[in-house]
Amino acid sequence: MSLTDVRVVRTEEPKHAPPNRAKFWLYRFDTKTVPYLLIAPFFVLFAIFGLFPIIFNGVVALRHWRLDDPTLTGWAGMENFTKLASDTDFWDALVNTFGIFILSTVPQLLIALMLANLLNRKLRGATFWRIGVLLPYVTPVAASTLVFAVFFSRDYGLANWMLSLVGFGEEQPLDWRADTWSSWIAIATMVNWKWIGYNALLYLSAMQAIPKDVYEAAAVDGAGPWRQLWRITVPMIQPVVLFTVILSTIGGLQLFNEPMLFDENPALANGGYDHQWRTIAQLIYKVGWRDLNLGYAAAMSWALFLIILIVAAINALATRRLGGGK
Amino acid sequence: MSRAPQDTPGTWKSYLGLFAILAVSAFPVYWMFVIATSNDDAVMKSPPSVIPGDQLMVNLREVFTLQDVYFTASLINSLIVALAVTASTLFFCSLAGFAFAKLRFKGNNVLMFVVILTLTVPNQLGVVALYILMGKLGWNGQLIAVIAPGLVSAFGVFYMRQFIGHAIPDELVEAARIDGALTLRIYWTVVVPAIRPALAVLGLLTFVATWNDFQWPLITLNGTDFPTSMVALSDLASGNYVVYRRVLAGAFVATVPLIVLLLIGGRQLVRGIMEGALK
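Chains as they are written, first to last, in numbering that gives the first Met the number 0: chain V, 0 to 325; chain P, 0 to 278.
Simulated from the structure, these hints should not be mistaken for laboratory data. Values in this document were obtained by computation on a predicted structure and should not be read as measured data. It is possible that some hints are incorrect.
Claimed, not checked - When the alpha-carbon atoms are kept at most 20 angstroms apart in a straight line, the in silico SDA-like pairs for lysine to any residue are as follows:
| no. | chain 1 | residue 1 | chain 2 | residue 2 |
| --- | --- | --- | --- | --- |
| 1 | V | 211 | V | 74 |
| 2 | V | 211 | P | 9 |
| 3 | V | 31 | P | 108 |
Can you make the complete structure from the sequences, with help from the hints?
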């Protein structure tokens with residue numbers, strides 16, 4: 000008997016042989032275990048670098064934790080939080096954060112709505128306009144804020160030059176950084192500039208999903224474009240409006256980059272010589288990495304988290320009422 | 000009889016409005032370029048100059064040769080971080096998205112709900128603890144500290160699950176399985192080729208966000224010789240005597256890669272943002 004004979008016999012076995020034991024286990028492994036292996040990297044990495052820090056932040060907030068004095072350890076209890084209650088720096092920063100937040104969110108979303116309404120027309124070069132409005136979105140905040148810092152400078156800034164064209168501040172140029180309100184406006188301008196186009200695209204995507212016959216029905220009732228926008232378009236895109244309101248609340252209350260880099264000396268995290276535009280996120284940075292008091296900084300970030308939750312909830316309710324009111 | 004806005008042609012007023020907004024959007028970037036190409040006098044002039052000068056090379060040379068800013072290294076670092084984060088996000092999020100969209104396993108829906116919940120967790124608020132964690136790992140001051148927290152994103156998983164759910168019919172996956180293909184093989188030969196557009200979108204969004212990130216790199220890389228370009232920019236702008244033509248030359252260099260990305264992938268970026276909103 001030769002080797003070839005053996006091979007011939009083998010090929011004559013039935014083609015659909017029952018799976019052997021190894022194959023069975025491989026199949027079982029592939030359908031039962033592999034799905035979990037595919038999602039595992041996300042959950043593991045998120046648990047380590049996303050979830051754990053947030054929980055651990057709570058522990059740090061309840062402890063003494065100073066970078067300049069490693070011997071000072073142990074539980075601080077509520078000390079960091081009670082200190083917070085009487086810390087004028089914190090409350091001042093909270094007021095600044097809210098001021099800038101309102102000055103940036105309201106115009107941002109209103110202008111985005113108008114822009115989306117324009118983009119929703121039948122336009123020549125529609126793609127060109129849509130890509131164009133994303134230029135601020137892709138521009139790094141660190142770069143654009145430095146431009147705006149020059150733009151809003153007292154002596155040779157473009158902002159003051161433009162104001163002088165309309166006869167404002169010719170003898171006494173406006174020192175944007177000196178006053179609370181002017182520094183807030185300057186910073187809010189940077190935030191508005193960056194996010195209007197992005198929000199407009201969010202609105203546009205929702206607007207394009209509105210059925211056309213809704214407008215035809217309204218036209219029969221004699222509603223002009225302006226009434227159509229407020230009575231049909233806005234109520235119908237309300238879920239996306241809610242989404243943008245919550246997004247801007249979360250982003251606006253954590254504002255860091257713009258106020259940092261508007262300062263003449265960013266590294267200090269002062270937010271102006273009298274801290275007139277220092278935000279909470281900036282204060283957390285200053286307390287943690289300039290004063291080296293990580294425990295206290297952690298307590299502040301927890302407080303900020305709670306504030307964000309409350310404000311986001313209030314905004315969500317308000318938006319829902321606005322949309323459902325009519 | 001008025002028509003739906005989608006069918007109403009733009010009037011000259013709409014084009015004027017769009018043009019005005021576009022001009023305002025582009026002006027700071029243009030002006031960055033103007034100052035980056037000018038000498039000191041141009042910055043201190045009234046009315047301010049709005050025409051590019053011829054000093055670009057001079058300013059760039061100064062930026063790139065400054066001793067304690069490490070600008071060249073910072074650009075390379077930014078590129079390393081952004082590419083690593085983008086590659087990892089695309090790989091892990093498409094794997095998980097595929098599992099959630101097309102595989103049957105116990106807890107699929109519950110776990111997906113957890114992913115969506117994590118979307119709402121503001122990572123930034125854990126920075127203090129993240130800094131301590133990186134300290135324990137001995138990673139502070141190194142690029143790995145910037146890369147690690149960005150390796151996956153809940154949004155990426157969510158986006159991939161949505162796209163794969165729509166783009167790939169269940170029958171295709173079943174057919175491949177009957178042919179004897181294992182799950183990973185199906186991922187590689189069926190899923191990946193079909194989701195290239197979604198990979199492009201998520202890749203763009205991730206790259207832009209990572210390149211532009213400032214706060215966390217500032218905290219973890221502070222005072223090291225390994226800044227990212229955003230940290231290097233803030234170093235350029237720090238100090239008592241700031242040379243604006245130099246600062247904005249640096250800012251311009253750090254912005255150019257993103258403008259190039261916008262020119263190449265603008266269409267995908269627009270689509271990604273618009274799709275991300277609906278769900």
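Each hint, compared with the structure:
1. V/211 / V/74: violated (62 angstroms)
2. V/211 / P/9: Judged against 20 angstroms, a Cα distance of about 17 angstroms means the pair holds.
3. V/31 / P/108: holds (16 angstroms)
Checked against the numbered hints listed earlier, the structure breaks hint 1 alone; every other hint is satisfied.
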